[in-house]
Each structure stands twice: as structure tokens, then as C-alpha cells.
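Novice: Fit chain B to the given chain A structure using the hints.
If you read the sequences in order, they're chains A and B. My numbering numbers the first residue of the first sequence as 1 and each following residue consecutively. My numbering numbers the first residue of the second sequence as 1 and each following residue consecutively.
It is possible that part of the hints are untrue.
[Unchecked claim] Here are the simulated DSSO-like cross-link-like pairs (lysine-lysine), alpha carbons at most 30 angstroms apart as the crow flies:
{"id": "1", "chain 1": "B", "residue 1": "Lys3", "chain 2": "B", "residue 2": "Lys65"}
{"id": "2", "chain 1": "B", "residue 1": "Lys113", "chain 2": "B", "residue 2": "Lys34"}
{"id": "3", "chain 1": "A", "residue 1": "Lys125", "chain 2": "B", "residue 2": "Lys124"}
{"id": "4", "chain 1": "A", "residue 1": "Lys310", "chain 2": "B", "residue 2": "Lys3"}
{"id": "5", "chain 1": "B", "residue 1": "Lys94", "chain 2": "A", "residue 2": "Lys310"}
{"id": "6", "chain 1": "A", "residue 1": "Lys310", "chain 2": "B", "residue 2": "Lys77"}
{"id": "7", "chain 1": "A", "residue 1": "Lys310", "chain 2": "B", "residue 2": "Lys112"}
{"id": "8", "chain 1": "B", "residue 1": "Lys3", "chain 2": "B", "residue 2": "Lys124"}
{"id": "9", "chain 1": "A", "residue 1": "Lys125", "chain 2": "B", "residue 2": "Lys112"}
{"id": "10", "chain 1": "B", "residue 1": "Lys112", "chain 2": "B", "residue 2": "Lys124"}
{"id": "11", "chain 1": "B", "residue 1": "Lys113", "chain 2": "A", "residue 2": "Lys496"}
{"id": "12", "chain 1": "B", "residue 1": "Lys124", "chain 2": "A", "residue 2": "Lys496"}
{"id": "13", "chain 1": "A", "residue 1": "Lys496", "chain 2": "B", "residue 2": "Lys3"}
{"id": "14", "chain 1": "A", "residue 1": "Lys125", "chain 2": "B", "residue 2": "Lys77"}
{"id": "15", "chain 1": "B", "residue 1": "Lys77", "chain 2": "B", "residue 2": "Lys34"}
{"id": "16", "chain 1": "A", "residue 1": "Lys496", "chain 2": "B", "residue 2": "Lys77"}
{"id": "17", "chain 1": "B", "residue 1": "Lys65", "chain 2": "A", "residue 2": "Lys310"}
{"id": "18", "chain 1": "A", "residue 1": "Lys496", "chain 2": "B", "residue 2": "Lys58"}
{"id": "19", "chain 1": "A", "residue 1": "Lys125", "chain 2": "B", "residue 2": "Lys94"}
{"id": "20", "chain 1": "B", "residue 1": "Lys29", "chain 2": "A", "residue 2": "Lys310"}
{"id": "21", "chain 1": "B", "residue 1": "Lys113", "chain 2": "B", "residue 2": "Lys3"}
{"id": "22", "chain 1": "B", "residue 1": "Lys113", "chain 2": "B", "residue 2": "Lys58"}
{"id": "23", "chain 1": "A", "residue 1": "Lys310", "chain 2": "B", "residue 2": "Lys113"}
[To be verified] If you want the footprint, here are the derived chain A segments under chain B, 3+ residues with CB under 8 angstroms:
{"id": "24", "segment": "29 to 37"}
{"id": "25", "segment": "488 to 495"}
In case anyone wonders, no lab produced these hints; they're calculated from the structure. It should be emphasised that the depicted structure is a prediction, and the values quoted were computed from it without experimental measurement. Beta carbons are placed, not taken as given, at the ideal position from N, Cα and C, and that holds for glycine.
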Amino acid sequence: MEKNTQRPEDDAPSSEGIPAPEGAANLIDTDYVIGQDNITASPMGIDVDLHGKVFIFSSIVILLFVILTLALQDQMEPIFNSMFSFLTTNLGWFFLLGANVFVLLAIVLIFTPMGKVRIGGADAKPDFGYLGWFSMLFAAGMGIGLMFYGVSEPLTHYGTAMGGISAGEDGIRTDWAPLGAAAGDQAGAIDLSMAATIFHWGFHPWGAYAIVGLSLAIFAFNKGLPLTMRSIFYPILGERIWGWPGHVIDILAVFATLFGLTTSLGIGATQAAGGLNYLFGIPDGDTTLVLLILGITIVALGSIMLGVDKGVQRLSQLNMVLAALLLLFVIAVGPTLMIATGVADNLIGYVTHLPALSMPFGREDANFSQGWTAFYWAWWIAWSPFVGMFIARVSRGRTVREFLISVLLVPSMASVVWMTAFGTTAIEQVVNEGITEVQDAALELQLFTMLEYLPLSAITSFVGIVLVIVFFITSSDSGSLVIDSITAGGKVDAPKPQRIFWALIEGALAIALLLGGGLEALQTAALTTGLPFTLVLLVGCYGIVKGLMSEPRTK
Amino acid sequence: MFKHIMVPIDLAHIDVLEPSLDVVADMAKHYDAKITYVGVTSNTPNSVARTPNEYEQKLDAFAQKRHSVHGQPVTAKAYGSTDPVANLDDILIKAIDELGADLIIMATHLPKKLDAVMPAHGGKVASHTDASVFLVRPH
Numbered sequence: 001m002e003k004n005t006q007r008p009e010d011d012a013p014s015s016e017g018i019p020a021p022e023g024a025a026n027l028i029d030t031d032y033v034i035g036q037d038n039i040t041a042s043p044m045g046i047d048v049d050l051h052g053k054v055f056i057f058s059s060i061v062i063l064l065f066v067i068l069t070l071a072l073q074d075q076m077e078p079i080f081n082s083m084f085s086f087l088t089t090n091l092g093w094f095f096l097l098g099a100n101v102f103v104l105l106a107i108v109l110i111f112t113p114m115g116k117v118r119i120g121g122a123d124a125k126p127d128f129g130y131l132g133w134f135s136m137l138f139a140a141g142m143g144i145g146l147m148f149y150g151v152s153e154p155l156t157h158y159g160t161a162m163g164g165i166s167a168g169e170d171g172i173r174t175d176w177a178p179l180g181a182a183a184g185d186q187a188g189a190i191d192l193s194m195a196a197t198i199f200h201w202g203f204h205p206w207g208a209y210a211i212v213g214l215s216l217a218i219f220a221f222n223k224g225l226p227l228t229m230r231s232i233f234y235p236i237l238g239e240r241i242w243g244w245p246g247h248v249i250d251i252l253a254v255f256a257t258l259f260g261l262t263t264s265l266g267i268g269a270t271q272a273a274g275g276l277n278y279l280f281g282i283p284d285g286d287t288t289l290v291l292l293i294l295g296i297t298i299v300a301l302g303s304i305m306l307g308v309d310k311g312v313q314r315l316s317q318l319n320m321v322l323a324a325l326l327l328l329f330v331i332a333v334g335p336t337l338m339i340a341t342g343v344a345d346n347l348i349g350y351v352t353h354l355p356a357l358s359m360p361f362g363r364e365d366a367n368f369s370q371g372w373t374a375f376y377w378a379w380w381i382a383w384s385p386f387v388g389m390f391i392a393r394v395s396r397g398r399t400v401r402e403f404l405i406s407v408l409l410v411p412s413m414a415s416v417v418w419m420t421a422f423g424t425t426a427i428e429q430v431v432n433e434g435i436t437e438v439q440d441a442a443l444e445l446q447l448f449t450m451l452e453y454l455p456l457s458a459i460t461s462f463v464g465i466v467l468v469i470v471f472f473i474t475s476s477d478s479g480s481l482v483i484d485s486i487t488a489g490g491k492v493d494a495p496k497p498q499r500i501f502w503a504l505i506e507g508a509l510a511i512a513l514l515l516g517g518g519l520e521a522l523q524t525a526a527l528t529t530g531l532p533f534t535l536v537l538l539v540g541c542y543g544i545v546k547g548l549m550s551e552p553r554t555k
Numbered sequence: 001m002f003k004h005i006m007v008p009i010d011l012a013h014i015d016v017l018e019p020s021l022d023v024v025a026d027m028a029k030h031y032d033a034k035i036t037y038v039g040v041t042s043n044t045p046n047s048v049a050r051t052p053n054e055y056e057q058k059l060d061a062f063a064q065k066r067h068s069v070h071g072q073p074v075t076a077k078a079y080g081s082t083d084p085v086a087n088l089d090d091i092l093i094k095a096i097d098e099l100g101a102d103l104i105i106m107a108t109h110l111p112k113k114l115d116a117v118m119p120a121h122g123g124k125v126a127s128h129t130d131a132s133v134f135l136v137r138p139h
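Just chain A, same shape as in the assembly:
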């Protein structure tokens, strides 16, 4: 049930009912008061304001998970491994299909009149300027992945594509090449490897983020529901979202966010430690890893205390500037002409191969489509509550069209340019200069090895390490804000110590699992949460269309 709260002609606040946010919007009529299920207390002078069930349940399960994973590592690992391979092997098609739906819906919405709806009401003004807003979208969305996979993924696909198709005795393909591979065809292999990489970093991840972000933004800013995952389900579950069905959705979102973040912290620390070892000979043992995670957590704490505007936004801008500098440097000193023509070629290659790469059924390249694509999709979708909720929070005042273009097209294009620059440079080093070290290096070191064969490598590698670290800080601080908001029943104004608690938990979890060797289990857990979330998102697609249709449009 919804009531129209369009403001009267004279623009004065209406005296009856709840006034619209800013300008016309369509609030959902509910008696639920945000925070009504919260527990407030002040133990040892520290104020807390938490959603009792969501906070307690998710904290206990996370604690149990860590204890079990560390204590029963040998027993747990096979369980996680078989669970993950079951998911990608048997349900890979579901991830691929779901991701296609998100992208298509996001593109369709750009062109429909619903694109004119403004987040926060018809007269809402944006909270952030374009640069700050866009930096935060990008830093939250992928950041670290570009550092880790920018060189390693194109190179890997290039290698498998060149290797051609190989099949076992049962006729099932044993190679990991995308589609039909490109045995011995150098140009074809480059084309295919770049298309496959861009496919994984282009429209599909951002489509999932866009749908979650937009749904959350519309249901919070225009419909007046709390900024938490359960709100998207109002069109389907109605008032039941305030009960256990809603609690379960929010608890799942906490798991996905925390597991995803902690895993990334682990991977990021590994890459940064690897880089420091490669560059300065600092031993990359456990001590370095722990110190790195401690350092990242401390800076993230400072950023959280400063808040979204002064902390997260500024760090994200710093990230953008450093990433842009590194990108421009690689373009300038790398094979500039190849990169320039490569952007257009790779874009064409991406579009050409897109239908085949995104096909959920009847795939011959099972290793690639399940091991790479379905893995990535589960990963992106598990990340989507975190990225979606964060970008929703900073996107008030944008129109739906502006939001979708900025979240879908701009970052995808940035990924195309980034992957082309780093991928082409690395492939060129291997193919034309015969530098095989890049290909032979460990995944986390391929970026640094590639940079070593370019000028000024001491400086650029250092910038690379700094970027990895700063990307992690921005993930850690925005992630803590998101988890805090979900566990506080959608409140963004809960007491500060709660944010600090979550940032510390993330750091502690990452250290415990890295030392205990449970990081892979955690990664599987993060990916496993991708499955229920694909369902959540598909339902969210219905919710967002329903929600947008009832919104007044800007002129």
C-alpha cells in the first residue's frame, strides 16, 4: 500500500502525513519505526544501538565459522571445496543467466521514462560532486581486482587460448581456454583473451551493483524505508520484511559483505607483501602480512572516524589520482599505439564475443565458463550488497538514468581502458620481446614483473603497492559502514564505536584466517553466499521496476 505524498503547489511542507523527501516522491505507508527492534545500551560508557536479532545472530555465526574453520581445518576444507565445485559445475548456468538479467534490466531502464525518476525526490540535490561520487563508485566496486588481475588475467587467457583445445578420453575438454580457443593464432588469441577479460570486468559486475544500488537507493530515499537489504523486498513480502524473512536477508547480507571483505583483505595483503618483497626484499612471511593488515586496519579506522565525506571520499579520490597516473604512465611508456588501437579493437572484440561468452547453456568450454565466469559472477554478486549499499548511500540526488549510466557504462569503459593498457603491455612483452618472466611469475607478482620491464620501475612498483593498500583501506572502511548500517537496522546514524568494532573484526578475521590457513574456506563461503544473493537480486529486479513505476518523474 502506498500513499502519494506529492507536495502542494506552494512547495510548503504538507501539514498532513509525512512530507515527501524533496519534491514529489511516493512513500510506502508503513507503521514500522526505524530502529524499533534495536537494542540500545551503554556498556562501559560506550554507546551502542543495534538490531538485536541481526547483530547477535550474525556475530555468533561468524564467530562459530572462524572457530570451526581454524579448529577443524582438515575436515572443513574438503566440504568447502566440494560445495564450491558443486555450485559452479551444476549451477554455473544460474549465475550466468542471472547476471545477464541484471545487465539487460539496467540497460533497458536507462532508455525508459523510468530513467527520469530522481533518487531522493524530484527536487533532491546531489550530496557529492561528480569526481568524488565517481571515485567512490569505482573504488568500492573493483579497485583491488584491477591491480591483481589487470596483468594476470589477460596473460592467462592468452596462454590457454594459444594452447588450443585439448580433450580427455571421454571427449570432455580439459583446457581452460575461452570459447573455441585460438590455437596458434596469435592475433586471434589476443582478441579472445582481451574480450574474455573485459567480459569479466565490464557490464556484468556493474550490472549487479547497479541493480542492488538502485533498488536500495529508491526504497530508502524515495520510499522512506531503512537503508538495508530487506527493504527491496517490500513489494513482495510487505510488512513481513520486518520479521524473520527480513532478518534472514539482512544476516545473509552481513555474511556476504564480511566474508567478501575479509577474503579481499587477505588477497590484498598477500599481493602487497609480495610486492614489498619483490621491490625491497622485505621478507613476505606471516609477520609482514600481519603488520600489513594491522596497518590497513588502523588507517581504515581513522578514515571511518572521519566519515564518508572526509574519510572515504578523500581516500577514493587519492586512489583515482594514483590509478590514473599509473594508467597514463603505462600507456605512455608501454606500446602506446598498440594500446590506442587496442581499446577500439578490444571493445569490438568484447561486443562480438559477448553473446557467446554470456550464453548460460550448452557451453563447450566448461572449465572456462564455470571456473572463471561463474566464479567471478558468484564473487561479484556476493560483493553486491556491500557495493550496492555503499553506492546507494552516496547517490541521492541523481536521476535513475544518470545513476545507471555512471554505474554501468563509465566504470565498464574504465575497465576496458585499464585492462587493455595493462594486458596489451604484458602480452606485448611476452610475444614481441620474449620476456617470459611476466608469464612465469606468481599471479600476485605479475603486475610488478610487468612494471619491471618498463622505465622507472622502482617508482611505479611502489605506486602499485600503495594503490593496492589504499584500495584496501577504502574497501575496509566503506565495508564497515555498510555492515554497521545493516546490523543497526538500517540506521546510518548509529554510534561511532560500532563502526570501529566492525573494522577491527574484519582485520582480526583476516589475520586469524590467513595464519590459520582458512582463507580459502572463507573465499568459498563468500562465493557460496553468491547463490542465495542471485535469487535475492532477481527478486530485487521485480521490486525495482515496481518501485520505479510508482515514482513521479522529473520533467
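Specialist: What follows is chain B alone, placed relative to chain A:
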């Protein structure tokens, strides 16, 4: 001596503010000053209001209620923020300048160890403004 008193208000915790509200009424009457009640709210829905406009409406109603108690002229001003918990001090300092207030009266808690890491809002505001700041402790 004082012409314009600014009073930061948290509509979610009115009970905590009671002692300071009495001080505000007495001071305003003594100096015949006008009062502006300032509220900082999240742009997202919160426990007090589901939209920033609703918050403004409630703050206005609160100001009028106080007016009926002390009879001094009142206005209300609400500020929306993406992250009100982190931005509160900055917004209050900005509000003092915008309003031209010469006295700020606000409730504060008793000193505690945590203040070293997270300073109390009153102290922070006082160290960043030329206006006088009156911090009222709980009874």
C-alpha cells in the same frame, strides 16, 4: 550581551536534553535573545523521520512547543547529511557562522576515557568557534 542563541537538538534523544533546555529558556529570557534550534539528520530514513522534510517539520514543531514554554522568538533549522555521526561537529560549526549566533548552549555527557579517542561534540565545537559555548552536564 547575547542576541542569538543556537541550540543543537537531537530529536531522537530529547530526554537527555531536558536540563539544557531549561538553561536555554532562562538565558534567552534574561538576555531577551532569539533562539534557533538546529538539528542534524541523516539523508536516509532514520528513527525520527523518514524524509529530511519530515525531520524539518518535527524540528519546527519542537521549536514552537518550546516557544510556548519560554515565549522568546524561535526558529528551527535542519541540516541533512550522508554521514551525520561523523559530520556533526563540522555542520554545527558551519551553522554558527550561517546563523550568526553568539551563544551556543548544548547538552553534553560527563567526561569519560573514550573522549580521548572520540572527543565530545561540545568540546570540539567550542574549540572551533569564536562564539561562546555553554555546555550543560546531566544532573
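Novice: Next, verify each hint and record whether it holds.
Specialist: Taking the hints in turn, this is what the structure says about them:
1. B/Lys3 <-> B/Lys65: It holds: about 21 angstroms lies between the C-alpha atoms, which stays within 30 angstroms.
2. B/Lys113 <-> B/Lys34: Measuring from Cα to Cα gives roughly 36 angstroms; hence the hint is violated.
3. A/Lys125 <-> B/Lys124: Status holds; Cα separation ~29 angstroms.
4. A/Lys310 <-> B/Lys3: 33 angstroms, violated
5. B/Lys94 <-> A/Lys310: 15 angstroms, holds
6. A/Lys310 <-> B/Lys77: Holds, at about 23 angstroms.
7. A/Lys310 <-> B/Lys112: 26 angstroms, holds
8. B/Lys3 <-> B/Lys124: 23 angstroms, holds
9. A/Lys125 <-> B/Lys112: 39 angstroms, violated
10. B/Lys112 <-> B/Lys124: Holds, at about 15 angstroms.
11. B/Lys113 <-> A/Lys496: 15 angstroms, holds
12. B/Lys124 <-> A/Lys496: 16 angstroms, holds
13. A/Lys496 <-> B/Lys3: Violated, at roughly 34 angstroms.
14. A/Lys125 <-> B/Lys77: 18 angstroms, holds
15. B/Lys77 <-> B/Lys34: It holds: about 13 angstroms lies between the C-alpha atoms, which stays within 30 angstroms.
16. A/Lys496 <-> B/Lys77: 24 angstroms, holds
17. B/Lys65 <-> A/Lys310: Measuring from Cα to Cα gives roughly 36 angstroms; hence the hint is violated.
18. A/Lys496 <-> B/Lys58: 25 angstroms, holds
19. A/Lys125 <-> B/Lys94: 19 angstroms, holds
20. B/Lys29 <-> A/Lys310: Not OK: B/Lys29 and A/Lys310 at ~39 angstroms, beyond 30 angstroms, violated.
21. B/Lys113 <-> B/Lys3: 35 angstroms, violated
22. B/Lys113 <-> B/Lys58: Roughly 34 angstroms between the alpha carbons, so the hint for B/Lys113 and B/Lys58 is violated.
23. A/Lys310 <-> B/Lys113: 25 angstroms, holds
24. 29 to 37: Our answer is that it holds, as 4 residues pass the Cβ test (under 8 angstroms) against chain B, meeting three.
25. 488 to 495: holds (count 6)
The structure shown violates the earlier hints numbered 2, 4, 9, 13, 17, 20, 21, 22.
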